[in-house]
Each structure stands twice: as structure tokens, then as C-alpha cells.
Amino acid sequence: MMAYGEDHIALAAEYALGTLDADERAQVETMMAIDRDFTAIVQAWEFRLGVLNQMVGSVEPRPIVWENIKTAIEHSEPQAPLVQPEAPPVASVAVEQAPVVDNSSVIQLSNRFRRWRSIAMTASAIAAALVAMLAIEVYQPDLLPERIRPKPRTQVVEVKTPSAAAPSAQYVAVLQAQGGSPAFILTVDGATRNFTVRRVGAAAAEPGKTYELWLISDKLPRPRSLGVIGGGDFTTRPLLASYDSDVVNGATYAVTIEQPGGSPDGNPHSAPVYAGKLIETVPSASQPPR
Amino acid sequence: MLTPAELVWLIAAVAKGDEAAFERLYAATRAKLYGVVLRILRRQDLAEEVIQEAYVKVWSSAGQFNPALASPITWMASIARNRAIDVVRKRSEVSLEDEPAAMEVAADSPDPLARREMTEELKRLLECVGRLEPDRQKLVLLAYYNGWSRDQLAQKFEAPVNTVKTWLRRSMLDIRECLGL
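Those sequence lines, one after another, are chains A and B. Be aware that the first sequence starts at -4, since it is given in the numbering used here, and climbs by one per residue. Be aware that the second sequence starts at 27, since it is given in the numbering used here, and climbs by one per residue.
It is worth saying that the hints were derived from the structure and are not from the lab.
Here are the simulated lysine to aspartate or glutamate pairs, EDC-like style, with alpha carbons at most 16 Å apart:
#1 B:116 x A:24
#2 B:191 x A:16
#3 A:65 x B:45
#4 B:42 x A:69
#5 B:191 x A:2
#6 A:65 x B:49
#7 B:58 x A:55
#8 B:116 x A:18
#9 B:182 x B:161
Build out the structure end to end from the sequences listed, making use of the hints.
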């Protein structure tokens, strides 16, 4: 188990306490997805503080709540425990975060999903059917017909251009569908800009299909293919060296389903099934997490 | 109320897809979990939505529950509370202006519990919280029970956000030291 500094411990504690803002929470969740030891620290805090709930009074929810839950789980089986990837080596530089705002199709799709969600939250009268569907969507997207499958979630975190003084910084993106478990973990070595894609939760591609990774940047006119991935558990390539570091760091990484061998014409042929953005794995020790 | 051991057994059954066990687990824990999220969200519609999502997650991830790390109710409450915090953080930070009354209501402390009803873990944690300065004690407990953000805490304590940030960080590290971790 690696040693964590006070910054990490305090970050984990504040996550459990609940005082982090939405971006910081997303950052912690991404770190948890890639770092089992950090997850253990966060959970230890959650459970340690969780005893405080003994003092909270009980309130009976309405019976409709159980009806909705029951409807939702009828379409989903419990999942086997997620096998977490091992922690990659971590480096330290401050992480700057901002909501993703660009006009790529990924973002539009994600907005569409969000709209749908907020409708679900306000229209409680039709909740039963809709919540059931949402639950399937979140937990078992494969059960849904193609046209209403969830569009990928984009991590709302991004990293500012790394300084040249961080030779071995590691950047990580968790590629996932909306609300889903991590499907692929993309790791970029800050020095060589080699990238590695590790398949974690994604099923093997269906026969006659293949996963292809794309770099989507507002600095580029269209998505650029980074090649076919997911044939094995790992895919490692040097391709990112040909892009500027601000393109690499600010881009959205998306996975589409293509014909064997990948897209024949350099354009994606499906909506992204998984997507994410890079973050640096660990904030700096000298600069407390914001 | 079922004993923790009974709840552990139920969660193990839920992990195998036992819907009857899930219904019993829900019946035994729903009011506590709903109380926790309602206190943070303060709106029935949001709290119902969150509690539904939380139980669907309990259903789907029961196999990941580790009784060596947490009691069943603590594990389930963490799932529900995390979801509630995500929702309030994403609803932007304006809720204090939206709900001026929330400040007053929220200022009261949660149900006092007879000391003999507290678990050893709770007593120990409260002892450590009790060693913080009175203002910091209040800060930590308001953050936990009401799910307040740093901005809301800054407003309540009439202090700059950065100061609140420092207080929170220091308080958590002090608690950690006091617990001997």
C-alpha cells in the first residue's frame, strides 16, 4: 500500500463529510475508480463518519417508493463485484477543473440524457414507469433497445496543460457510459505521451464488431481515431505524441463500435458508447486540493 | 429493527438475487435512510428519487458489501447519503437564498440519543469531535447532517470560504489523529 499524504487524506475525509463541490467530487470518484488504496481510504472515512447517522431520526417514505424500487429491480440482476484495476503510478501536479463546454456530439448527447433525467425528477406522477426505465438504463444499458440506450457520460473534469516540469506525470481518463461502471481506463504517460487502454468493465466486442478509440477536441475539426482497442486487456500505443499537449489534455476520449479493423473512412460510425476526459491522478502536495 | 447480524445475512441473500430478502432489508432500513437523505435534500420529491436510486444500487452491488469494514446500515446509508450530496451539489450553490428557512431549521441538532444506545464507534467519534473547538464541532456536524457545502458553511459562520476550507481540513485531520489513525 502506498503512503498517502495529508492532502489525500483530507480530500478523502472531505468527500466523506460531503463538503466538496461537484467537480471535486467527480475528481475523487475518478481517483477511486483507478486506485483501490485510495478507495479504501475514502470508504474508511465514510464508515467512520457514518456512525453519526445513528442520531438522525427515522422518517417513513411513501409506499410508492418501494413500488418504484421493485419495478426497477425486476429488470436488473445483482452484479458480481467489480474487479478494480490496480493503481497506476501516480504523479503530483495541481488539477484544474472546469465543466466541459464544447460543441462536440458527445456533449450534445450527454445533454440530451441530462434533460431526460431532469424530466424524470420533476414528473413524479409518471415516476413508476420512467424510474424503472432509468434504472435499467443506469444499471443494465444492454437491456434497452438501441435507440434509447444511454449516451456516454463525459467526466466533468479537465486538466490544464501540464508544465514541462512534470516529466513523469500520469494522466488518466475513466471511459464509461452514463452512470455506469468504468469500461476502459485510459492512461497517458506525460513524458512519452504513450497511452495505454486497459479494459476493465467493458464486455468483449460482439462478433463482427470492434471498439475504436477517438480523440475529440474543439481544437480539431473532427474526431481523430486513436485506433482499435479492447482486443486484449491492454492496448498500448505512442500515437498521442503527434498531438499538442493542450489538445491531448483537453480532449474528450470516446469509444465507438465499428466494423472489424476499425472505421474504414476515418469517421466514427456509432454514437460513443463510453467517454471520459483526462485528469491528473493526484493533486500536488505543495498546493492543497481546491 | 433487525440486528446487524440479521442485516448482514439479508444482504448476502440479496447478493444472490433473493427479492424477498431485499424486501425485508428495505422494510428494516428504509425509514433510517429516508431520514438521512431528507435531512440533506429537504424536498420529498428529491429525497424519494434519491432513496429509490440508492436501493437499486444496494440491490445491484450487495455482493460488494464487506461486513468486516462497516455495519450494514452504515454501508447502505453511505450509498444513500453520497447520492444525496451529489444531487445537492449539482443543484448549484444557491439553495440558501432559495430556502431562507432552511438555515434555521437546520441549525437544530439531530435527535439526541441516550448514551447507552450509542455504539462504541459513535461514542469514540463524538469524543474526538468534542475535542475540537466549539465552532469547529458545529461546523463538522452541520456539514455531515445537513450536507452543507463550504459556501453555505461560510455564510452560516460569517467567514471567508477559504477559511472554512482550512477549518474543515484541520478538523478532519485532528479527528483522524484523535482516533489514532
